[in-house]
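Sequences are here, hints too, so could you generate the full structure?
Single-letter residue listing:
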Amino acid sequence: MKKTYKIEVDCANCANLMEDAARKTAGVASATVNFMTQKMIVEFADGTDPKNVMQDVLKACKKVEPDCEIEL
Amino acid sequence: MQELIINILLGVVILTAAGLLIFIGSRKGGMTKKQRTMMIRILISASALLGLQFVSAEMFDTLDVYLFPSAGRWIRFACYLIDYFIIGYDILKKAAKGIKNRQVFDENFLMAVATIGAMALAVYENGEYLEAIAVMLFYQIGEWFQGYAVGKSRRNISNLMDIRPDYANVERDGKLEQVDPDEVGIGSVIVVQPGEKVPIDGIIVEGNSSLNTSALTGESLPREAKVGDEVISGCISMTGVLKIQTTKEFGESTVSKILDLVENASSRKSKSEDFISKFAKVYTPAVCYSALALAILPPLVRMLFMGLAADWGVWIYRALTFLVISCPCALVISIPLSFFAGIGGASQQGVLVKGSNYLEILSKTKVVVFDKTGTLTQGVFEVNGIHHNELENAQLIEYAALAESASSHPISKSLQRAYGKEPDRTRVSDIREISGNGVIAKVDGIEIAAGNDKLMKHLNIPYIDCHQTGTIIHMAIKGAYAGHIVISDIVKPHSQAAIASLKSSGVEKTVMLTGDAKKVANQVANSLGIDEVYSELLPAGKVEKVEELLRMKLGKAKLAFVGDGINDAPVLSRADIGIAMGAMGSDAAIEAADIVLMDDDPMKISKAIRISRKCLRIVYQNIVLALVVKFACLILGAFGIANMYLAIFADVGVMILAVLNAIRCLFVKKL
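If you read the protein sequences in the order shown, they are chains L and U. Each residue of the first sequence is one higher than the last, beginning at 1 in our numbering. Each residue of the second sequence is one higher than the last, beginning at 1 in our numbering.
FYI, nobody ran anything at the bench for these hints, they're computed from the structure. Any given hint could be a false lead.
Claimed, not checked - Partial pick of chain L residues on the chain U-facing surface, computed with a CB cut under 8 Å:
1. Asp10
2. Thr37
3. Val53
Said to hold, decoys possible - Derived DSBU-like pairs: lysine-lysine, alpha-carbon spacing no greater than 35 Å straight-line:
4. U:Lys519 x L:Lys24
5. U:Lys457 x U:Lys556
6. L:Lys6 x U:Lys97
7. U:Lys175 x U:Lys152
8. U:Lys492 x U:Lys519
9. U:Lys281 x L:Lys51
10. L:Lys51 x U:Lys248
11. L:Lys63 x U:Lys94
12. U:Lys354 x L:Lys62
13. U:Lys271 x U:Lys519
14. U:Lys271 x L:Lys3
15. U:Lys226 x L:Lys24
16. U:Lys197 x U:Lys278
17. U:Lys226 x U:Lys669
18. U:Lys509 x L:Lys6
19. L:Lys59 x U:Lys553
20. U:Lys100 x L:Lys24
21. U:Lys553 x U:Lys509
22. L:Lys62 x U:Lys248
23. U:Lys175 x L:Lys3
24. U:Lys556 x U:Lys278
25. U:Lys248 x L:Lys6
26. L:Lys63 x U:Lys197
27. U:Lys281 x L:Lys59
28. U:Lys33 x L:Lys6
For each residue, glycine too, the CB sits at the ideal point set by N, CA and C.
Shown next, in the form of structure tokens:
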């Protein structure tokens, strides 16, 4: 399943770091952060609950970039 | 001298910051809250710093007499420290958080270490605090500008691409009501007033108007639309009120599809973007470790092996300069911004690029393969000539049209069009279709045979071959030859210019594939100046030919296939890059292609290639500019020629230049 989330991040490198962090989160099959449109596109692995996974993604992203925001 | 320059710069910063706050900060939407606070901090800190500049260390030292020994030194430090915190507290906080989260190597950490290091050196020597604070100040200014410029251009580009209609007018109880287009079901009737956007695809049931399709196609000529015509969303009705019965839901309408496509385009990252993000991941830690090495190794070598003084201060300073240079942001920001601007500029011209990666491949295209029908030619067959006839032209066409009236073949349709009237079927009887040959029928009781040379041979009627290329329909009336009608596809008016323009924009080979007869294909290719022709191909044959051409091409050259997207989807996906044209409203084509030309003007192909070349040129310029400046600074820093000021100006300056350069991608109208 693929979902798109609005995000808020100030610098392009931080967006890359967020992308990395999201990809490494369990339950995420693939993730792309689009800095220009301020969107995160997450593809979830089969049988996972997007809501729970996104909580982890948010936590992981906050870790690499405390200033970021993901609208869940 | 340097001090004077810095003082002047601080003055400029103060004036600019105040100006920006007054003129932009007061405007609604001019600055975000974050940006405003930051600007105020910059203003306060710069003013304080400039003020402190005029109070020398000796003046502070006079305080010693009134207070305790070396009180002046510490008070001076405290003053600068406060200023340092005003400008840099958020950086320090983020750096601390980074360390706690084991995300050490980010630019906050680098700036924190570099400036704290410089502060420490200054405390130790009771020397210049100015440098540490100024570096932090200029770094913050750079960040502010980057955030502002990128945010603004991001919004501007998005606005350009934003063709999203906000509402749909629905008539309820005789009154017009504005509703969310999402809520309009299929088959409902919406009203579009002059000047409004058509929100949902549909068919006109009442009214006529001229439609401005420029937002979709980049074509400025308006199109006339009347009752029964299909209209696609995103067009602007210019003259009349239209009532439209919707045929699709909003989410499935052209405008939503296009928006979706363009917005997601920059999520498909190009190789250059991947390269840069990989590079950034290696670059920052590498520079940090080199900085560490630079701080420790040379002093040790000097001390142990050369018997010289260690000069710790000098080498630590050089190492700190290294850290300032190591922020990769200029590089990381400018590449996606360039692609985004390029895709935005292209979409304004009616060229939809589905991803940054496709823009990159397109720029390397050396071979362009065309489908003939519908791409280079109009795909509409028309009667182009009538020869060797004894009857009036109109009479012959009438007979032909009537004889073929039962057929739905494209050829018979062109005959009907040439005839111009609805054929009266009651006049026709005894129709015999001879498959692959033609038709024999009685019109008004007269026997008419219409078909190709095989039919004439079959009927043993001598016929005259035609010197023109196209589909030839020989006519026989009562068993006697009555001349022939030539039907051929018409080449698009811009096709020849488009091929020439492709050549001049660096395409080495143009190839045409067609299912048509060899003679027709060769004639079209010659008239257009196409290098190679492969004719009489079945759809599967086209895929094979493209594969063959893919094998033949050299090195990094890419092959593009241009088709109308109707039955060449397999070829579109097999080529390095598939370009579908005239795709406005055709879902299949939008689906299969990598690049979609909204109208069917072949000139757009070379335009798309030029846009991609320009965009990629700018991307490479930015990469080279950033890398050269950074490495030059690193080397100069290592030898102690560049100080921290130069490092921070190089960093901020390169970033500003790269962002401004990236914006140039947007200006593609005149390409």
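Going through the numbered hints above, which ones does this structure break? Give me the numbers in ascending order. 3, 4, 5, 7, 13, 15, 16, 18, 19, 22, 23, 26
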